[in-house]
Structure formats: C-alpha cells, structure tokens
Amino acid sequence: MKIGVFVCHCGSNIEGTVDTAAVAAAAREFPGVAFATDTMYTCSEPGQEEIVNAIKEHQLDGVVVASCTPRMHEQTFRRTVERAGLNRYLFEMANIREHVSWIGKDREANTNKATDLVRMAASKLLHNRPLLSKQFDINKRVLIIGGGVAGIQAALDCAEGGLEVVLVEKTTTIGGKMAKLDKTFPTVDCSCCILGPRMVDVAQHPNITLYAYSEIEEVSGYVGNFDVKVKKKATYVDWDKCTGCGICMTKCPSKKATDYFNEGIGKTTAINIPFPQAIPKKAKIDADFCMKLQKGKCGICAKVCPSGCIDFTQQDEFVTEKVGAIVAATGFDLFDWTVYGEYGGGRYPDVITSLQYERMLSASGPTGGHIKRPSDGKEPKNVVFIQCVGSRDKSVGRPYCTGFCCMYTAKQAILTKDHLPESQTYVFYMDIRATGKNYDEFTRRAMEEYNAKYIRGRVSMIYPKGDSLLVRGADTLMGTQVEVDADLVVLAVGAEAAAGAAGLAEKLRISYDSYGFYMEGHPKLKPVETNTAGVYLAGSCQGPKDIPSSVAQGSAAASKVLGLFSKDKLASDPQVSVVDIKRCIGCGKCMKTCPFGAIKEIDFRGMKKAEVIETVCQGCGICTSTCPQGAAQLQHFTDNQILSEVNALCQF
Amino acid sequence: MNVINLTSSCNSDFVRQVEEESGQQLSLCYQCGKCTAGCPYTTEYDIPVSQIMRLTQAGQKELVLKSKSLWLCATCESCTARCPNKIDVARIMDVLRHMARREGYGGVKTVKTFWDSFLHSVQKNGRVFEVGLLANYISHTGRFWTDMGLGPKVLPKGKIHFKPSAMQGKEEVSKIFRRYTEESSK
Amino acid sequence: MSVSLTYAYYPGCSSTGTSIEYDMSSRAICAALDITLTDVPNWSCCGSTPAHTVDHTLSSALSARNLCQVASMGLTAAVTPCPSCLSNLKTAQHRMKNDSFREKVSKLLDKPADITVETKSVLQILVEDYGIEKIKAKVKKPLTGLTVAAYYGCIMNRPAEIMNFDDREHPMAMDNIMTALGATVVPFPLKVECCGASFGIPRKDVVMRLSGKLLDTAKEMGAMALVTACPLCQMNLDMRQEQINSANGSKHHMPIFYFTQLMGLAFGLTEKELGIDKLCVNPRTVIDALGMEGNSKEKSQ
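Residue numbers (the working numbering), protein chains in the order written: chain A, 1 to 652; chain B, 653 to 838; chain C, 839 to 1139.
Excised from the complex, chain A in its bound form (with noise of 0.2 angstroms):
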C-alpha cells in the first residue's frame, strides 16, 4: 500500500502548537507512506484538491489526514478520496486538534503526540480494507414526539411535504404551553387565535395521525425503519365516540380535581376537556378524584352521555407504529420554584408563578381574564414580579438563563396595566435580556409607556404583612435594600427540561446534557439534527426557547426529515459486525450480549452458528469484545487493525 498523509495547520489552531512540518516529516518513514506533507486547510478546496492530485501523482492507495476531530471533516475527506478513485474506508484520521494542539501548550510534547497519532493512524490503514454499502428500503412516514407549537409546526410542515405524519401527546391536547398562554410578545396578540387554527390543521389534515394522551413506550430500528410502540393511555372515554359535548363535565359531581391546564389556579371536575379549542376535543377522567373509579359509586357521567362513550373499565392500549424519521419536540417544564425557602415555598396564596398569572389573565381561565388574588379575590394594586426565578442560580443547580422569562415579564407588566388601569407593577431583574427583532423596544415600553417600575436587584425574602406582602429586595443601582408592599407576587419561573425526558432520550439513543436538554449534533452546524441518525429536534427540548425559535426548529426539522425521505433507499453503514463461520463455535455469548438484538442463530450443515442482521447492527462492537473466538469483527474496527495501532504505539 502506498500512503499518503497530509498534517493540517487548521491555521493556527493546531500549528500554534504542533510542528506539522515535522509531523510530515517524521511521516514519511513510517511503513507503507509514500508522501507526506503539511497544510494550511486541509478542508479548503485547494487543501482537498491537492490530496486529489496527490493520490493521482503517487499512485497513492490509502490517505491519512491529520488534523480536527472525525466528527467534523471525516464525511468531508471520505468524500474527497473516492473523487479520486478510492473507496472511502481506505482512509484513516488522526485528531491532532481537539485531543492535542487545543490541550497542551508544549510545542514538542504536542509534536512527539501527533506524530504518534499518525503513526497509529497510517498503521491501521495499511490493514484497511475496502468496504461498500449496501442499499435498502425506507419507510417514508415520520414520528413527532410532543404536540406543542415546535411539533404541530414540524407535524404540517412534513404533512403539506406529502408525507404521513404520526403525532404522539403526552397530555389529552396538542398545543402545549403556547396553549396556555395569554399573549405572546412582543406583538401582545392573543396566543391561541394564532396557535388555534394550527392545531384545527393538525387535526384535520388526512396526512397527520394523532395519538394525544398517549407516550412512547418502546424504539426499535434504525434510519428509515424504525419501529415504535406507542401507549394509549386509559382516559375511560371511548374517543371514538366522544364528541366533545361536555355535557359530563357539566354534571360530574366531584369538582375538586387538579386543574393542570390552569396550573392549579382553581379546580376542575374529574372527567374533563381542558379548554374550549382542545385538539383533539375529547373527554377524559381523572381516575385520582372519579368516585366510581375510586369508591366505585356515582357513574353520573355515563347515564348523561348522549354518545354512551363512558367506559370505566378502559385499559391502557398499545399500538406500533412503523416510521422511518422521528422528530423530538418534547418542550420543557417550569422549574419547581418551592425549594425558594426565602419567597414562601408555597406557603403563601399570593405568591404565584408567571404561567398561572398567564392563565388569570387569559379570558378562558379559570378567573375569566380578571386578575384576582389567589387568597381573598380582590384585586391587586401593586403587583411585583420577580425575575430569574431558577435561573442563572447555582445554588439551586440551574446556572443557566432561560432566556425568555425577560421578555414575558414584561408582556405581563404591560397587561396587568391593560386589565388594572390603577395598578402599579414593580419587576427585579438582573440584566434585561431582549435580544429578538423589536423585543427591546418592547421592554422599553413596559417602562416607558406602562409605568413598569423595573429594579435591578434580586429579591431576598417574601413574607405577608397584614394582608399583604413585603418584598425585600436590593436597588444595586441605587445600592441600597428596598421593600414594597406587593398584593400579588408572580414568579418569573425558569424552564426546565421537561419530566421523563431522559427516558425518552435512552429510548431514542440520543444524548443530553446535565440538565435533561437533548445534545444537538453540532451546537452551530447541526441545530435540529442528533448524533443518531434519523432522529432529529425541534423546540424547547434542545434548551428554552421562545415562540419564534421554537417554530423556526420545528420547519427546520421537518425540511431535514424531507430531505431524508427525498431518496428512495439509503445507504447502509458498512462498519457492522460480520461473523466469520469458520470460527464461530454457535456458543450464544454474542447474541445474549447484543444491546439491539442484530445477532441471530442460523443453522450451517447441522451446526449452530450467529449471523448479523446488517440493518440492525448498530456496530456498536459489543460481540467482537464477547466472542472468545474472536469470530465476530466490527468491520473497519477489527481486531487486526485496532492491534495495529497499538503495537504502533507501544513499539518501544
């Protein structure tokens, strides 16, 4: 084999610290490198150009490049070899930037490290063979997991792309927590009359098929087939029947049910529907407060349903569904803001978070749009909110911002002007954070126009005086503590990744962070996609997001999903485990070991033996580790070839 190497400068990044013209050198008397030489960007297209005219000029037969990670440019440089004739698996990578020039700062000892590196690199090629792919079928229908603003918009955009769209709620109604709201900023127009027509779409496109109170019980498969088991959470209503009437909800006697759409401002009865323009419009029963699930008596619900669709006996239901792209947008969750000792911990009525003060100003609340205190009713005079409310907090483990609370806070200063002429709103903040088109401008309203008195400072203590409360807080730009007697306290309470989305994650094999936010494939380059292909994100469950980046995602998403499906079949990954016959004793070990199930027992003249499922292999290189033959051998990770790298390595 003739190979050729080329060490990167990656401008300074890795010649600031790396010698790679003595990289090179040191290169050329390494066995089977017939050419060697250092780059400014070996990305460019003069940098791919000259590993072109290299492979041409030498007869070279395998190209080892050193320079940034494989994640970044290994595609990038397959690609530019096979435009020169070879297979793409003739080509070895050697990260000399993110594991050495960025790492150290010891010039020789960053040489000597690269230098190694490629040697390893240019000792696994010389055992390289090639590989190709094979081609197969996909399933041109895509899963969307979560009905809020990012799914519904991913959910039509795919469904006006021609393609069938599965679209999975956790909670009985898509629309999720824009649904919720009031109004949104900075454009104070009324949230669901722009949401509502999106999710009357939703459900009356023939493309999209929606399972609301239902969650994702199981993934199996791989890009373009993947398999999905969905659970259809028991409601005890035959939906098929149900038409929405809510007739039930108007009768049903047990009315101190937990009313999670309103955020526990008020109760609700046991069988519900929780708004007026609920998708889809169906009843369901709180099974914690229906007397005849509970103690078996009432069953008033029943004998009024014109539909007769009550049915108490309704078990949960699985169905499966066969798609070959799934679509994450599982959103967030408010940060449970009880831990604030300081402000109450929930001990005070009055004391209540922004999303139940967006659903007191909302005209289909629970207060009819009319601002009431939780305790007594009245109507408050001095309202103060308080920003940061869970974020950019260590102490409470959430450092980051949220990055949205700024803005609905003041949206939420200037309504209460609107609903309460007299009041006076009072908000502590930390630094205003208005960065979207005409959002500073808006907050510049809140004070300018609405008489928002903002103060910069972080509040320290609530507690009631009289029948009111007092905030003590500090004006840091005045320097000094300041107190106001607040009637109603609202909570600019930060997002959090939504619950069970870790479960969802490990379900999906996608990673995310420490906080539960799913990891996307590149924080600039790959914003929707995920490191497991043919999963991709959308919305607030990559971080919090506002309205507009949430929609943008969810479009961004259904264009890759698009994209995908715009091929006919996909190519196969070739790095999978192959089993090689002749030494494969039919033990079991790797079939027991196998985490996806690839490994099946076939019978050959008599004799058990294990075979790999091509499309289902993950090569993942479990069973190679497994077999004590050593008859299993992740392709392109062989035995042989890992061997390889370390007797390099370890030569003296």
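Any given hint could turn out to be false.
[Stated by the list, open to error] A few chain C positions that, by computed beta-carbon distances, are all more than 10 angstroms from chain A: (1) Leu913; (2) Lys935; (3) His1008; (4) Asn1014; (5) Leu1028; (6) Thr1055; (7) Phe1105.
[Stated by the list, open to error] Result set (BS3-like, lysine-lysine): computed pairs, CA atoms no more than 27 angstroms apart in a straight line: (8) C/Lys1051 to B/Lys805; (9) B/Lys809 to C/Lys974; (10) B/Lys720 to C/Lys1057; (11) B/Lys815 to C/Lys1051; (12) C/Lys1057 to A/Lys378; (13) A/Lys465 to C/Lys1042; (14) A/Lys241 to A/Lys231; (15) A/Lys229 to A/Lys465; (16) B/Lys805 to C/Lys1057.
[What the hints assert, rightly or not] Using C-beta positions, here's what the derived DEER-type ranges look like: (17) A/Gly503 to B/Lys738: 49 to 59 angstroms; (18) B/Tyr682 to A/Gly346: 45 to 55 angstroms; (19) C/Asp1043 to B/Gly675: 26 to 36 angstroms.
It should be emphasised that the hints constitute simulated quantities derived from the structure, not laboratory data.
Keep in mind the model is a prediction, meaning the values are calculated, not measured.
All C-beta atoms, glycine included, are put in the ideal place defined by N, C-alpha and C.
Keeping the supplied structure of chain A fixed, place chains B and C upon it in accordance with the hints.
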C-alpha cells in the same frame, strides 16, 4: 465621588489575599444584590455588602478596609445562605475584618472594644465573665450609661455573678491566646 | 427496648449567667426523658462571634479545645443548648477537614485537634435522636390554649452545609415540638430573621429595631408568647423588651420562653427547676391561663 482608575488602583494582591484567606472566588459574584437585600444591618452600613463585594473584586483595598460595614456585620449568614452563586459572603466579611485589624484600621470603636473586651475576658477567665466584660467595655468607651437600666431588672434574678465562674484549666485557654499572639507576630 | 441516649454536655458561657434558665430546663427535660448529659470537664468559651471576627485559627482553636475535652471523656457525641456555640464548634470541625488548617489549630492547642466528635444542639437531639412521637407520649399537662410563635434565629440552621439541620428558611423543629405539647403554633414569617445578635451593647439601637420587629410581627400573627432556642435571641427579646418598648414606643408584654421550659411545663416539672422565675418578662398570666386549662381538665376527668 472620586473617579477610580481601574488600571492603576486595582490592588490585585489584595484580591488574591482575600480569595486565599476566605477560600472564595470573587469573580463568581455577578452583583445581583441578594446579599444586600437580606442584610439586617445594611441600614447601619456605610457601604452595602454587595458593594463591598464589588469593591473587593475591583481591588479597592483602602475603600474596603476602612469601611464601617465590616464591623457592623452580625454574621447572621443570610447573605451566605441565599447567595445564588454559593459564595460564603459572611466569611469574606470576616476575612476583611481580620485584614482591617492587621492593617490597623480602627473600625467602629464601640464594636471593636466590645469584641476586644469579650476576648480579654475569655483569655483571662477561660469563659466569658459578663460583669467583668461590661466593666472593661465601659472603662474603654466611657459609656457609663450602658445597660444601667437593666440592673434592677436582672440582678434579683440571680443571673449576674460578680465573680468569674471557677474553671480549672483556664491557663490552657490563655496559652492558646499567647501562642496565637506569638504565631501572628512571626 | 430503646438504647438510652448519652451525650457530652457543653453548656456554653451564657448558661452560667444570662441564660441560666435554659441550662436548668435543658438538664431537667433531658433527665425527664432519660437522656444522660455528662458535663464536659473544664469546658471553656468557644470564642463566640468576637473570636471569629479576629482570626479563624484562634476561633477554631478555642472550639477545638472543647472538642478535645469531649474526646477525652470517651464520648463521641456532644450536645449544647446554644446555637452560637454549636455554630462555632461545627465551623471549626468543618474547617479542620483541611489538613493544613488543622495543623495550625493543633499548634495553638499544643496538641492534635480532635476531628471525630459529633456535635448537635439540644433541639436537634430531641427531634432527631429522641423523636417527636416519644415527646408527645411524655406530655402530662398539654399546653392547650397557648398560642406561640417559634423563633429560631440566624444560625440554628445556616449555613446549611455546616449546620445540617432542618430547613434553612423555614425550620419546623420547634413548631413540631410545640404542636406535640398541645400548643397552637402561629405561622411566623420571621423565623430566621436576625434579632440584632451580639450588638446589644455596642449598637443597642439596631437591636431595638430588629428585635422590635420580631415582637411586632409575633403579636400581629396572634402569638401570646415567643419560644426560642438561642440565649442571645432570648436575651435581646426578653431582657431588653422594656428597652425595646421605650425605644419604639411599643407596649409589648410578650413572654419569651426557651422551648425547653415549655417542654418541662408540659411534662409536669416544677417552675422552679425550669427557672421560669428567671425570665424578665413575667409569664405569669400566660402560664396561669394554662394552669386553669390543665386543672379544669383534671377536675372533669
């Protein structure tokens, strides 16, 4: 207010020393003001605690160490307990007081005298002798009226003793003070 | 069968003077509950606030001397009624986890500092080691009719990492004990607000303001009495209550009990052994109201 030249007046040795002695990282403070917001003594401070933190970050040694606030901190720990960045602010205030003492800043006389009298009493008796402490305090401050009104109220309760409580091994305690004085003069 | 609880007892300086009734009542109720307290021999002052404002090594050495005394008793757990002493002992222990700091302390002590002893407050052992249910079972004269506010002060619970007891913003230990005794506990929002601490002498004016606010709020919440667990808090609120009234123009007459005193009353101990007569604000009317309840109950039975 004077203009502070941030390049020439920043005493970075001071910053480093405060960080070292307190075990706290000053750059963690993002000036949210929550410490000042909860400080019960802030009304008496000449510089609120959040600004003490800011001035310390900026290496303004003189301004910080001459502040009366250092001496009026009651160590109630509400700043430490509620800091979103988990900075032990009360400990920084403690360390600044130590430095002010070492560098000979007078502080708030009544407070300093009270503390000195207290420790004097411990050094001498092994335990605090309340009457002796008060007498010492009065003789150093000339505040003869201090708590005189309490006498008739408290004396009959048998709570006040005119002799220090007898304790064996009080010389062990005074030795601790002696070694401390020797160590710190090294 | 339960194992009897035994602790080294560190009374703290104020127990010999201004908080003698806290010491008396702590000993009395522990005896009533079969909790053995053995005095730390030749205990000395922990250094209190003044020591740590001078130097952390000096402060820790003064505390460490007492920890060494406890270790020499062959006991592993020490208990003190005073949160300020406890805070000093615990802070010293926390800092001495650092080897170089411990060495400096040992140098001042002229012997190796002990780091094995466990330290707790009397309140803490009662709720954590003894248990509220068992306390409830010991009640002979329930405090029915008594409405109290429980005030914990600054440092009983914070910093949480060091004190490691109850909730730092909303402690409930004393509230729960009082409820177990049959008293009514009002929600008191200033449970952990500062009373003015050790500034009673040098800055009395501030103590008047801060402690005055505590009394005002307790009254507003409907409390007949305040119950405390800290000698300094108790002194500021009780001994200085007249000063507070004249400084603020208020007319408080609010008895300030140690929680141990109220426990003792509920256990049927005598006022004398609980040092009730040592309180400056006369609690007679409050206690008599209780007595009537208790008596009438006994009569009706």
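Hints, one by one, checked against the model:
1. Leu913: Label holds. Min Cβ-Cβ 34 angstroms, cutoff 10 angstroms.
2. Lys935: C/Lys935 clear of chain A: closest Cβ-Cβ about 21 angstroms, beyond 10 angstroms.
3. His1008: violated (5 angstroms)
4. Asn1014: holds (16 angstroms)
5. Leu1028: Violated, because the least Cβ-Cβ distance between C/Leu1028 and chain A comes to about 7 angstroms, which does not exceed 10 angstroms.
6. Thr1055: Violated, because the least Cβ-Cβ distance between C/Thr1055 and chain A comes to about 8 angstroms, which does not exceed 10 angstroms.
7. Phe1105: Given a closest Cβ separation of 31 angstroms, the condition holds.
8. C/Lys1051 to B/Lys805: Between C/Lys1051 and B/Lys805 the Cα gap is close to 23 angstroms, so the pair holds against 27 angstroms.
9. B/Lys809 to C/Lys974: Not OK: B/Lys809 and C/Lys974 at ~31 angstroms, beyond 27 angstroms, violated.
10. B/Lys720 to C/Lys1057: violated (34 angstroms)
11. B/Lys815 to C/Lys1051: violated (35 angstroms)
12. C/Lys1057 to A/Lys378: holds (25 angstroms)
13. A/Lys465 to C/Lys1042: holds (25 angstroms)
14. A/Lys241 to A/Lys231: holds (20 angstroms)
15. A/Lys229 to A/Lys465: violated (54 angstroms)
16. B/Lys805 to C/Lys1057: Answer holds: B/Lys805 to C/Lys1057 is near 23 angstroms, not above 27 angstroms.
17. A/Gly503 to B/Lys738: 49 to 59 angstroms: violated (30 angstroms)
18. B/Tyr682 to A/Gly346: 45 to 55 angstroms: Since B/Tyr682 and A/Gly346 have Cβ atoms about 27 angstroms apart, the given range 45 to 55 angstroms is violated.
19. C/Asp1043 to B/Gly675: 26 to 36 angstroms: holds (34 angstroms)
The structure fails to meet hints 3, 5, 6, 9, 10, 11, 15, 17 and 18 from the earlier list, while all remaining hints are met.
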